[in-house]
Each structure stands twice: as C-alpha cells, then as structure tokens.
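Input sequences plus hints: build the corresponding full structure.
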Amino acid sequence: MEDFFEKLSMFTNFIWPLLLLAGAYLVGSIIEKKHFQSIRKREDGLHGIPVVSFDTMPEDWRVSSSDMVTGSIVISLDYFKRVIAGLRGLIGGRIKTYEPLLERARREALLRMTESAREQGYDAIFNVRLETSRLANAGRDGKGTAGVEMLAFGTAVKLASRIG
Amino acid sequence: MKFIAKKPREGINVSDEHPLVEAGTLIVGLTAIFIVIALALIFIIEVALYFVSTEAEAELFSDWIPDDLVTVSPADERLEQTQLLIDRLVMHWADTPYEFRVEIDDSDVANAMALPGGLIIVTQGLLDQVESENELAFVLGHELGHFRNRDHLRALGRGLVLSIFFAVITGNDVAGLGINATDIALRGFSREQETKADAFGLAIVHSEYGHVNQAARLFERWDAADENSLAIITYLSTHPQPGDRVERLRAIAERDGWRTEGPTTSLGWKGR
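Chains A and B, in that order, give the protein sequences.
Just so you know, we're using my numbering here: the first sequence kicks off at 518 and counts up by one.
Just so you know, we're using my numbering here: the second sequence kicks off at 74 and counts up by one.
Source of the hints: derived by calculation from the structure; they are not laboratory data.
Model, not experiment: these values are computed from the prediction.
Certain hints may be false.
To be verified - Heads up, simulated EDC-like pairs for lysine to aspartate or glutamate below, C-alpha to C-alpha not over 20 Å straight-line:
hint : chain 1 : residue 1 : chain 2 : residue 2
1    : B       : K80       : A       : D640
2    : A       : K675      : A       : D572
3    : A       : K558      : A       : E632
4    : B       : K80       : A       : E560
5    : B       : K80       : A       : E632
6    : B       : K75       : A       : D577
7    : B       : K79       : A       : E632
8    : B       : K75       : A       : E636
9    : B       : K80       : A       : E620
10   : B       : K343      : B       : E204
11   : A       : K675      : A       : E576
12   : A       : K551      : B       : D149
13   : A       : K558      : A       : E636
14   : A       : K551      : B       : E204
15   : B       : K75       : A       : E576
16   : A       : K550      : B       : E90
17   : B       : K343      : B       : D201
18   : B       : K75       : A       : E549
19   : B       : K79       : A       : E666
20   : A       : K550      : B       : E83
21   : B       : K79       : A       : D561
22   : A       : K550      : B       : E95
23   : A       : K550      : B       : D89
24   : A       : K551      : A       : E616
25   : B       : K79       : A       : E620
26   : A       : K550      : A       : D561
27   : A       : K675      : A       : D577
28   : B       : K79       : A       : D640
29   : B       : K80       : A       : D561
30   : A       : K550      : A       : E620
31   : B       : K343      : B       : D149
32   : A       : K551      : A       : E636
33   : A       : K558      : B       : D201
34   : A       : K551      : B       : D89
Take a look at the structure:
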C-alpha cells in the first residue's frame, strides 16, 4: 500500500509533467518542421512577385488597378515552448524557443498575402507592413497568451505596361 | 532599378541551438539555484524558530484561520464536544502557551491539521471515521504533539517557500499569495516528526484515560481495509502508514508499561 502511494505521488509530481513536456516537444517539433518545409516550398513557387516595403513605385510603371492585400496567421505556442520560455523569463536572455515560432508567423503571413495577390492577378506588392498582436487567453483572466496574430498587408498593383 | 528575386535568408532570426539543449541547460541550472535558495530559506526558518517565541506566535495568530477553510455551522454539537475533548487533553500538557481552538472542516475526506496559533482543524470525514472518543483523542493528541515540537511552523514556512517558488515559476503574483489550508495539508511532516508527535499523542491519551486501549484502533481498521478509499487517502498521504504506526504505538506502550486494556468512552454524537 505504501508502494502504491509512492508510485501515485511520483506519477503526479514528476512523470505526468514530464510526459506532457515530452509529448508537446515531439508533436510541436514535428509540426514546426512540416510548417517550415511548406513555407520554403511555397516561397519557391512565388519567386517572381516583388514584395517590397517601399511606399513609392518606380516612375515608369503604369498601374491599371490596385488594391490592399492582407495575409494573417494566428499561431500558438506549445506547452514545451511555454515552459522553457517561462524558465528563460527567470534569468533573461533570448527566448530561443519563441524565435522559430515568430519566424514561421512572419513568413506565413507574407506568403498568404502574396498568394492572395497572385490569385487576383496582381504583379507586385508595395508598402508592405507587418503587425503583431497578442491574443489574450480568456480562460486565465486575460493573463496568459493564447497566441499571436501576425498580419501582413500592402498595396498590390496590376501593371498596364512596364517600360524598361 | 531592377528587381532581383531572392529567397528569404535563413538562420538570422532563428537560433541554431537545439531546443533540447536550451531546455536542459535551463532546467539543470535553475534547479541547482532553486535547491540552494530553498535550503537557505529552510535554514533561515529553523533559525527564526529560535527567535519567535511560542507566546509571540500564539498572540500573532490568535484569531487567524486559513483563507480557504469552509467550516461547519458553529452550532454543530461535534464542534463543542471536540473542543471540550481538546481542553481536557491539554490539561496534561503543563505550561502550554497556546489556547487551542478547534474548527471542523466541511470536507468528507479524513484529515487533521495543526496550524499556527493553536488552531486544530479536523474534517467531518475524520469525525465520521472515528468510533470512540479514545480514537479521536489520539488523533488530537498527535496534532498537539506537532505543536509541542513546533512542526506546524516549519510546515508553514516550508509551505510558503514552496508557494513562492511555484508562483515565480508559473508567473503568478507573489504578493497575492494567501496561506491556504489545502496547501499546508498536502505537505506532510518527516517520519521523525510524525513519530515524535505519535509518542506525545499516546502519552496524552494515557494520562487522560489511564490506559491506551483503542488509541490506535482507527489505524488498525484502516490497515485491515484492503482498499484505500478516497475518504482516507488524504490523511494517509501526510501521515504514516497505519500498519507501521500501530506497531510503533504498541512498542511504545509496551516499553512504558502502559495498560492496553480499559474502558472506552463513546462519542456523544455517535450511536443515536
């Protein structure tokens, strides 16, 4: 019976959190790897479209139509990233587990914006901006972070003629 | 100006370090730091116990009860009778600095706790399980033993240290921490502290009744029960295993030549 209690408390105190952490790490890293693969593949496909942060166009461009295009992604951290970032928060420094997450978010948002521009037949996107906002976690009185939204937006232009 | 399409450059915003390496470094390093701080704090608590007199403690916590305690109605007859029993038992502890108060926790799981300022909490679940006054007297005497050895303050101190750590790790507000009975109840004492409290509790029972018959009866029953019901699992998680305990109590009684036979007293609220 003593055995049973020791095992029970061992399980709830140590093994369960570790299992959760290991599971989150495994699943999280598989998802991250797949996402990066998909991002690289789609980026290769969108190679020809200029996506720039200039707010003016070259003077010799003749634009037939333009519109705002947006791309946005809402992405969440896994338990592993959260725990490691929490530990990092005690001593400071680069939160290395968050960096790939935000990198994914940025590139995915830009990709979605560019894909939407291409589907509508636009040739280039100017004045591209990125914005981030944190989504508060309603379950914990808005204290926790449910995830972040990354929004990319810019002015897509269709060219009538492009001299030069 | 000519537009040359480029692929995004990799490796600028993302660290090359493997996440598990970072996790490992952080966990090992922080654990080491925490252990050092925790040991230092526990040492400070031990030192502080020499300077905080029992009188000062009794005064400071004289009408304190835990924030999360749900008590039964003050008119409950068990409350008065348990208080009377404690008052009788305390007569055998000369020069006690405490004025012991009892509260009954409205919980079905069996448990008993010693809290600062002479507050003893017993749960309804425990009162349901005890069958005679002698059984209850030993449980109460055991808690009195914790007061005598000042274990309750150590538990409180350690509880606070752990709560603060937990709050730091989870990012909660440290200033908003209350002292919760459930917190304290879940932190048991060491085997040595329990053994000393048992010896004191048995001595008190012997002084009160002139024998130790049925003092350990509750634990004999628990030991005989094959399955651990949820009702007693909490008590057992912070107290010694009933089988070992019965053995030890029997050994003490034999050593000191205490009678193990004698008339038992029934509880006022039982058997109606």
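Holds or violated: are the alpha carbons of A:K550 and B:E90 at most 20 Å from each other?
holds (15 Å)
Are the Cα positions of A:K675 and A:D572 separated by 20 Å at most?
Cα-Cα ~16 Å, so holds.
Pair hint outcome, B:K79 versus A:D640 [Cα-Cα no greater than 20 Å]
Within the cut-off at roughly 16 Å; holds.
Going straight from one Cα to the other, do B:K80 and A:E620 come out at no more than 20 Å?
The hint holds at about 14 Å.
Satisfaction of hint between B:D149 and B:K343, Cα-Cα up to 20 Å:
holds (13 Å)
Is the Cα-Cα distance between B:K79 and A:D561 20 Å or less?
The given pair, whose Cα atoms are some 10 Å apart, holds under the 20 Å limit.
CA of A:K675 to CA of A:D577, is that 20 Å or under?
Measuring from Cα to Cα gives roughly 14 Å; hence the hint holds.
Check whether the Cα positions of A:K550 and B:E95 lie no farther apart than 20 Å.
holds (18 Å)
Would you mind confirming whether the straight-line C-alpha gap from B:K79 to A:E632 stays at or under 20 Å?
holds (17 Å)
Straight-line alpha-carbon gap A:K550 to B:D89, limit 20 Å
holds (14 Å)
Would you check the hint for A:K558 and A:E636, treating anything up to 20 Å between C-alpha atoms as holding?
holds (17 Å)
Between A:K551 and B:D89, does the CA-CA distance stay at or below 20 Å?
Measuring from Cα to Cα gives roughly 17 Å; hence the hint holds.
When each numbered hint is compared with the structure, violations occur for hints 8, 12, 14, 18, 19, 32 and 33.
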